[in-house]
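Residue-level listing of the chains:
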Amino acid sequence: MAEAPKIDPMHQFLIHKIWDGPVFQVGGVTFDMSITNSVGAMFVGAAAMILFFVLTARGQVVPNRGQAAAEGIYNIVDRVLVTPIIGHHGRPYIPYLFTLFCVIFVLNLMGVILSVGSLAGQTWTFTVTSQLAITATLAVLTFFSIFILGFIKHGPKFLTLFWVPGMGVAGGAAMVVIEMISYFVRPVTLAMRLFGNMLGGHVVLSLFGSFVVALGLAALSGGLSSLLFVPSALSFAMIVGLTGLELIVALLQAFVFTALATVYLNEVVNFGHGH
Amino acid sequence: MAMQTQDHAAPAAPGHEAGAAGAHEGSAPAAEHAEGGLPQFDFAQWPGQIAWFLIVFFGLMLFVRFFAAPKVGGTIEAREGKISGDIADARRMKEEADAEAAAAQAEAAQARAAAQKVAAEARAKAQAEIAARLADEESKLAAAGAEAEARIAKARESAMANVSGIASDTAQAIVAKLTGKAPTAAELASAKG
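Respectively, the protein sequence lines represent chains Z and R.
First residue of the first sequence? That's 1 in this note's numbering, and the numbers climb one at a time after it.
First residue of the second sequence? That's 1 in this note's numbering, and the numbers climb one at a time after it.
Derived from the structure by calculation, the hints contain no laboratory data.
The reader is advised that the hints may include incorrect statements.
[Claimed, not checked] Covered by chain R, per the in silico footprint, the following chain Z stretches (three or more residues, Cβ under 8 Å):
no., segment
1, 131 to 145
2, 148 to 156
[Unchecked claim] Label-pair ranges, simulated between beta-carbon atoms:
no., chain 1, residue 1, chain 2, residue 2, range
3, R, Leu54, Z, Leu159, 27 to 33 Å
4, R, Leu54, Z, Phe162, 40 to 46 Å
5, R, Leu54, Z, Gly222, 52 to 58 Å
6, Z, Thr83, R, Asp86, 19 to 25 Å
7, R, Phe67, Z, Val62, 53 to 59 Å
8, R, Leu54, Z, Leu247, 23 to 29 Å
9, R, Asp86, Z, Gly200, 48 to 54 Å
10, R, Arg79, Z, Gly87, 19 to 25 Å
Just so it is clear, CB atoms sit at the ideal spot from N, CA and C, and this is done for glycine as well.
With the rest of the complex left out, here is chain Z (with noise of 0.2 Å):
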């Protein structure tokens, strides 16, 4: 009888070589360019996005099904978050808020989607925004380029960002260390909030999925273990339950990290305007 493997959560997101690349110092940091299963989970995720998009690139005014899953995708970044919240000054920024919603969308559907587990002694399924060093990179890029914007289009008066009028000298002073602070949790929060989504929803999966083998197994032994069948059954019954889900969080986190990415640029573009 076959022994129950161990339960190793973890071990989804551990990064492991397929081809060896070049590794360079820069200033003391070591670039291990190999390709890992995350870079490669990268590639695949970038391929699918640009066939999906080349694919359903019709450009007609009846659109059919692939095309209209296209618009209702921009629609949502255009109609839905930049055009309510910024209004047609944030016309210019819809390229890169479609690219950051894009890609954690389809990163993050990937690791539900293409859950095909090991193959061929390869580990295939890979959350490229359960990385925290991806989610920080993507946060700490949306952020600074935001912040750095502010200071091309308003200059020094950018800083008046931190005051709170109507505070007096003293509670203004005290409040621009608080608003310092809110402000640069920012990419913290950000980072965070993607990274423990993607995290946690694929750590239950595994916890499940275990269960359903190690259950199994036991009950395979026969007699009144063989009731562990239930159990077992009950939890893919949850994994069922729960991939759905995993698959709203999916969309949900993409729309989230856009939303709040917006919300910060609506700072800048309008800045002064809404305050």
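Add chain R to chain Z, keeping to what the hints say.
Just chain R now, kept in the frame of chain Z:
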């Protein structure tokens, strides 16, 4: 999970053994987990992963900036432009049709008024003609009547004159019968008195 452990037990991928990542591959994960922490906090993996991610992300951004966004957004805008253009066209055409209908109606009303005027004129003319002819005939009749009356009066006068002749003739005959001798004209005239 069974397959994943297989992955652990036998590092099948060619890069597995060669890479520095071997430290947390194969036999290592238990030890690594014991070190405490998620695989995500293995900071040795960060630079390469981030560098690759930035490359992929900016590549996709160029793709979106120069292909996907203009294509999809352009299509949406073109559609909205077409719809509003079509609606504007339809509205313009409807306005034109309305104007034409109004013009046609005005024309019809004008024609009707003209026809009514012509008819009224014709009627007035006809009535005037009738009245004139009636008056003419009446005057003619009146003239004929007057002539006839004059003729009757003359006839009566002549008849009256004849009556006195007849009377004297009759008286002469009566007298002649009674007396046997015809009276003279002077006697008759004096007797008639």
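Hint by hint, here is what the structure shows:
1. 131 to 145: holds (count 7)
2. 148 to 156: Per the Cβ count (0), the hint is violated.
3. Leu54(R) - Leu159(Z): 27 to 33 Å: Taking Cβ atoms as reference, leucine 54(R) and leucine 159(Z) lie about 28 Å apart, which means the hint holds.
4. Leu54(R) - Phe162(Z): 40 to 46 Å: Violated, since leucine 54(R) and phenylalanine 162(Z) (Cβ atoms, about 29 Å apart) do not stay within the stated range.
5. Leu54(R) - Gly222(Z): 52 to 58 Å: Between leucine 54(R) and glycine 222(Z), where Cβ atoms are some 55 Å apart, the hint holds.
6. Thr83(Z) - Asp86(R): 19 to 25 Å: holds, 23 Å
7. Phe67(R) - Val62(Z): 53 to 59 Å: This hint is violated: roughly 22 Å between Cβ atoms.
8. Leu54(R) - Leu247(Z): 23 to 29 Å: holds, 27 Å
9. Asp86(R) - Gly200(Z): 48 to 54 Å: holds, 50 Å
10. Arg79(R) - Gly87(Z): 19 to 25 Å: Since arginine 79(R) and glycine 87(Z) have Cβ atoms about 22 Å apart, the given range 19 to 25 Å holds.
In summary, the numbered hints that this structure violates are 2, 4, 7.
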